Every structure is written in structure tokens, then in C-alpha cells.
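Quick mapping for you: the protein sequence lines, in order, are chains A and B. Numbering of the first sequence is given in our numbering, commencing with residue 36 and proceeding in unit increments. Numbering of the second sequence is given in our numbering, commencing with residue 567 and proceeding in unit increments.
Please keep in mind that the hints were generated in silico from the structure rather than gathered at the bench. A portion of the hints provided could be inaccurate.
To be verified - Under the rule of at most 20 Å between Cα atoms (straight-line distance), these lysine to any residue pairs were calculated in the SDA-like manner:
#, chain 1, residue 1, chain 2, residue 2
1, B, K609, A, P184
2, A, K131, A, W121
3, A, K228, B, K620
4, A, K260, B, A597
5, A, K189, B, R575
6, B, K620, A, P257
Stated by the list, open to error - Now the in silico label distances, taken between C-beta atoms and shown as ranges:
#, chain 1, residue 1, chain 2, residue 2, range
7, B, R604, A, D269, 20 to 30 Å
8, A, P241, B, R643, 15 to 25 Å
9, B, N601, A, M290, 44 to 54 Å
10, A, D149, B, A612, 33 to 43 Å
11, A, P241, B, S572, 39 to 49 Å
12, A, D261, B, D593, 47 to 57 Å
13, A, G167, B, R622, 29 to 39 Å
Bear in mind that the values here come from a model prediction, so they are computed numbers and not experimental data. Backbone N, C-alpha and C fix where the C-beta goes; we use that ideal spot for every residue, glycine too.
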Amino acid sequence: MLGLRCIVGDLCGGGRLLRRLPHVQQKWRCESVQLYGLPPAPRLPRQTQVCFLSQGQNPTGSRAKMKLRTRLLVTLLFGGGLLAVWWFVHREKQQKLHRQRIEQLQKVAVGQGDFSLLDHTGRRRTKRDFLGSWVLLYFGFTHCPDICPDELDKLSAVVLALDQDASLPPVQPLFITVDPERDNVAALARYVKDFHPRLIGLTGTPEEVKHAGRDYRVYANPGPKDEDGDYIVDHTILIYLVSPDGLFLDYYNRMKTQEQITESIRNHMKTYVRL
Amino acid sequence: MAAPNSAERKACWDARDQLWKCLDDSDDKAASCQNFQREFEAKCPAQWVKYFTKRRDFLKYKEKLQTEGFTPAEGPRQPS
């Protein structure tokens with residue numbers, strides 16, 4: 036161990052230092068000669084001793100200190116270099132993974148297409164209108180007994196929780212009906228009032244609504260009508276998260292709590308890189 | 567027919583919860599919960615009454631499966 040220290044020390048800075056001091060230089064030479072004369076086997080312990088002696092014979096502490104400083108410097112430079120290389124490689128890899136993820140998302144068969152529907156004020160809205168903002172999307176119908184209002188309450192609470200954090204961009208909640216027969220503009224206007232103030236209700240002709248649902252692989256099937264003409268629509272009850280690029284990013288089922296969804300969206304926003 | 571608004575939904579759900587609590591407490595004897603049943607039917611659209619009644623059966627069945635486990639019915643014996 037001591038031997039190694041000596042060798043490294045001499046290699047690193049000792050050589051130049053020694054050359055500057057004439058008496059040491061002489062000693063160094065002399066010892067080198069001594070070393071060459073030795074048989075090969077006991078060279079290492081002998082060299083160790085020589086180094087030790089040469090250090091001991093030079094009691095001026097400044098040399099040892101300078102050596103320590105040079106060694107530290109070299110170690111720091113070398114270590115720092117290694118860290119920089121590691122960091123660079125790591126970042127490159129992360130960026131590559133991210134690019135791959137976006138390419139995959141662009142190929143995903145969910146959330147493609149561009150819906151065109153009427154909002155609850157009667158204005159025509161397309162998916163392109165929401166590019167640039169985060170969107171939480173839910174499909175349902177206003178005559179829904181319990182699941183839709185529950186999910187829309189949850190969705191509203193998530194948007195409110197995210198609104199509290201000023202560092203996060205606002206989220207646009209959307210509600211697309213799966214029951215265009217009954218959910219006209221007026222019915223949606225009445226319905227969205229009960230939820231988040233920014234919630235936009237969307238409806239359209241049965242064809243337009245079906246088209247929007249197909250983009251998100253939404254299943255919807257109206258049940259049999261009773262004597263009042265009332266019926267329940269069985270449908271997909273997922274909440275979709277859409278990125279500002281209009282790409283489907285994530286979905287949340289009924290088992291996910293308000294806190295879990297909020298946390299997930301927060302993470303998506305933090306790791307989001309614009310295309 | 568307009569969909570129930572937020573207050574009407576809440577009234578319906580409250581009536582449903584009271585009926586379900588009564589049925590739970592009285593071992594599902596519908597006779598002892600007739601008042602709650604009437605209240606439930608008055609406060610909820612007929613379609614929702616049907617839906618919630620089926621939903622309760624489903625939830626009870628689910629609970630039974632979770633606590634007692636599933637025992638498959640004895641099917642026809644395989645000819646050996």
C-alpha cells in the first residue's frame with residue numbers, strides 16, 4: 036500500500052517537484068542506480084523503503100502538503116470528469132427514452148383523430164381548440180344514476196387541487212356525452228353547472244358523438260327504454276389525460292382516488308417536454 | 567324528460583341509502599321498509615329505481631363472493 040502511494044505520488048507530482056530541488060534530484064538518481072543493481076525479486080519492498088527514506092530525509096512539510104494538494108486536485112479533476120461523462124450519458128439516455136415514448140404515443144390507437152362537437156353554450160369546438168392546454172376528458176350522460184356524477188365530482192376535485200398549485204399549468208376538464216339523443220346543448224348547460232366552473236360539456240349529432248367516442252375507444256350502449264322513455268346508457272367510465280400536444284397520456288379508472296389522480300397528473304406535468 | 571339536477575340527485579341517493587340501511591338492518595325483509603321504499607320511489611326516476619335495485623343485488627353478491635369465496639355449482643358429471 037505504501038509502495039503504491041509512493042509510486043503514484045512520484046508519478047503525479049513528485050517528479051517535477053524533485054527536479055526543482057537539486058539535492059533531491061541527486062538522491063533520486065543515486066537511488067535509481069541502486070534499484071537497477073538489485074535482483075528482480077525483492078524490488079518492490081526495497082523500492083518502498085527507498086521512497087520512504089527519501090521522504091523522511093526531506094523534513095520540509097511543504098512538499099508533502101503540495102503533493103497532497105496536487106493529488107487531491109487530480110483526483111477531483113478525474114472524478115469530476117467521470118461524473119460529467121456519466122451525467123451526459125445519463126441525460127442522453129433519458130432524452131432518447133422520452134423521444135421513444137412520444138413516438139409510441141403518436142402511434143397509440145387511442146386519442147387520435149380530431150373531434151368536432153358543440154359545447155354547452157352552442158359553440159363548435161374541435162380537439163384542435165384545446166391544443167396547448169392539459170385536458171381531462173370524461174364520457175358520460177346526464178341521466179346517469181351514480182357513476183357519472185361521482186366521477187365528475189372526482190374530476191372536478193382533481194382540477195381544483197391542481198388549481199391550488201400555482202406552479203402547474205391549468206387543466207381543462209371536458210365532458211363528452213354518449214347520449215346525444217337526450218343530451219342537447221341546453222341539457223348539458225344545466226348539467227355542467229353542478230361541477231367545476233371550467234367544465235365544458237360537448238355534444239353533437241349521433242354521428243359526431245360516435246366519432247369522438249371511437250377516437251378514445253369508448254364503448255356506449257343504450258339500454259331498453261321503459262314506459263317513460265327513460266333509459267340508462269352502459270358505457271366506458273375512464274378519465275383520460277391528454278397532453279398539450281393533444282396526445283393521450285394516461286387514463287384513470289373508477290378505483291383511482293382523487294389523490295392518486297392528482298399526483299399522477301402532477302408527475303406527468305413535471306416530466307413533460309414540449310414536442 | 568330532463569335529467570335530475572344536483573339537488574334531486576342528492577335527494578334520491580339519500581332516500582336510497584336510507585332504504586338500503588333499513589334492508590340491511592331488517593335482514594332484507596321488504597315488508598318492514600315499505601315507507602323507505604315509497605320514499606325511494608318518489609325521489610328517484612323509475613329507471614334509477616330499477617338500476618339501484620339491481621345494483622344492490624350485485625353489491626351483495628360481490629360482498630358474498632369476497633367474504634365466503636366462490637363455490638362453483640355442480641355441473642353435469644363428465645362421462646368417465
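Of all the hints given earlier, name the ones this structure violates by number, lowest first.
Result: hints 3, 4, 8, 9, 11, 12, 13 break, sorted rising.
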